[in-house]
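Chain order of the listed sequences is A and B.
Positions 1 to 324 (the UniProt record's numbering) are the ones given, in order, by the first sequence.
Positions 1 to 324 (the UniProt record's numbering) are the ones given, in order, by the second sequence.
It should be emphasised that the hints constitute simulated quantities derived from the structure, not laboratory data.
Incorrect hints may have been included.
Treat identical chains as interchangeable: a pair holds within one or across any two.
As the list claims (entries may be wrong) - Below, simulated DSS-like cross-link-like pairs (lysine-lysine); rule was C-alpha separation at most 27 Å, straight line:
id : residue 1 : residue 2
1  : K263      : K27
2  : K7        : K63
3  : K27       : K278
4  : K63       : K263
5  : K63       : K217
There are 2 protein chains.
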Amino acid sequence: MGIISVKELGNFYVNGHEVILRGLPHKAFICQDGTTQDFDPNGQYEAGQMYVEYVKLAQPKAKYPLLMWHGGGLTGATWGSTPDGREGWRSLFLRYGHDVYVSDSVERGRSSWAMYPEIYRTHPEFTTKAACWSNFRLGPLFAEDHSKRVSYERTQFPVEYYDEFYKQIVPRWRSMDDWAQDAYNNLVDRFDGGCVIMAHSQGANFALPAALAHPDKVKGLILLEPARTPDPQTTDFSALKEIPQLVLWGDFIRVSELCVWTKAAYFKIYPEYFRIMKELGAPINWIDLPKRGIFGNTHLLMMDRNSAQVAELIQNWMGGRGLM
Amino acid sequence: MGIISVKELGNFYVNGHEVILRGLPHKAFICQDGTTQDFDPNGQYEAGQMYVEYVKLAQPKAKYPLLMWHGGGLTGATWGSTPDGREGWRSLFLRYGHDVYVSDSVERGRSSWAMYPEIYRTHPEFTTKAACWSNFRLGPLFAEDHSKRVSYERTQFPVEYYDEFYKQIVPRWRSMDDWAQDAYNNLVDRFDGGCVIMAHSQGANFALPAALAHPDKVKGLILLEPARTPDPQTTDFSALKEIPQLVLWGDFIRVSELCVWTKAAYFKIYPEYFRIMKELGAPINWIDLPKRGIFGNTHLLMMDRNSAQVAELIQNWMGGRGLM
């Protein structure tokens, strides 16, 4: 592999607002050495900020920076490498010539999280290994006994590294999406020269509203197994009609009884969205990897064994849509 | 600024172990749209993993990779940039020719965190803006009214970006240090060819035990305003006597009445450690920046306005100690 000529690496935060807590009782906590310390939770905090890190190339080939937005329960670590130690899509798309911005959604990873229920509205959800196995469409049967887990035949996911993958799962809130949306919108708004959004799963839930909020700044939308759209009954999508869009799907969606949400997205929500965009004359493409003869992809396309092949397909699409 | 020629960017997790929860009641949670969903917390999880990301150079000049360990309440974001948008030490030390490994300590940032009290022993601590202001030695007076905060005269911290800095503060547990220590030890153990540890504040609490656990793998220790040492009464430090060590301190330690822990570390804990290492004949240096005519540094040396000057001083020390 060649050298990546980097001009700059860095990070910053988008959004965040001050919250003041008052009148809360002190809360003793026990330290590692067994001693007890007083903890006064009253005072000023920040909440709602989103962490963004970037790698800028010395000579980018892409017309616009590429924003990578992870899915639910995950962080920007998604794009950094594969669980079996191959290069992640951040590296692959840097090698293709894109400046890359990776974010951790509000309340996840380096974006920090805030006290609940004092600041966040509810408690978080912790996703079990069993739930991830089915949500990410890895196989028909999860068993606590690792040797009895069953993956889909010819799966591309490196299932022997499933537990390694699972280490990147973080607690998530289902009640703070409005704060995350606002941060994503303001992130997009920073790119006066435009940007391309690559959004995975829940990331797409934020990408479409962000594009609707700043359609002039979004020059391309890559929706990887997207989960939801804004309600078509109440949303005017016409602002997106000039934006090249790719909707990409892996394998096993028909056979997976466990992963109900992918089925809803694949058979109902996204066909409707695709139809609307087509009617608007939008340059949108729908790709089923199995129909291209690419079999075995799970919801975690960027970690599957053929992740480089899928990345290449996306890169070719970007080239064909004038984004390079 | 020149180009950084990168061979590889990636990430991985160290440690992590499976935890199974059983018999817990279901816990409804409220979604953004007001609907309620069932949440069954029972099942398998991982806990104790530590996130590590790396940038490897095409042609490193340093003899060993540089491991950057952040301080308490922080994450690896510490090293990524300064709050006022200058390059962080990760970039500066890459430019000096080091392969750099940045980690998020267990229970922080991208290392995720686990349910408490079911998995972690206690609840976390949330650090207020006031507590950070004093712990990080930014000034004699913190006020909720931003215009009334008082910083130390000639502080090098870009105090007008204090709220921006604070966005990287994360909740922390004081009860899980043993898990973090184990992860740091195993991280060091991966470097068969040796490594240099740069540890800030609480990071030094982990760095010295990790060096004691794997003295053959640690080729240098850079302790930036370190907080604690293992107990000298019960610890044999002789395994460290061949390792070049730098203990570095900023300004305002004498005048800061607020920051009790720095005073204890500066006047008591580290003089004792320094004396022991000297008696062992160790190649250890103690640098007070003000004694070198470098004034105004806070606890956040890597974010202060003169952060590049401090980095250069460290880099020169490394050169002088045969680490380049």
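Hints and how they fare:
{"no.": "1", "hint": "K263 with K27", "in the structure": "between (45 Å within a copy, 26 Å between copies)"}
{"no.": "2", "hint": "K7 with K63", "in the structure": "both (16 Å within a copy, 24 Å between copies)"}
{"no.": "3", "hint": "K27 with K278", "in the structure": "neither (57 Å within a copy, 42 Å between copies)"}
{"no.": "4", "hint": "K63 with K263", "in the structure": "neither (34 Å within a copy, 53 Å between copies)"}
{"no.": "5", "hint": "K63 with K217", "in the structure": "within (12 Å within a copy, 45 Å between copies)"}
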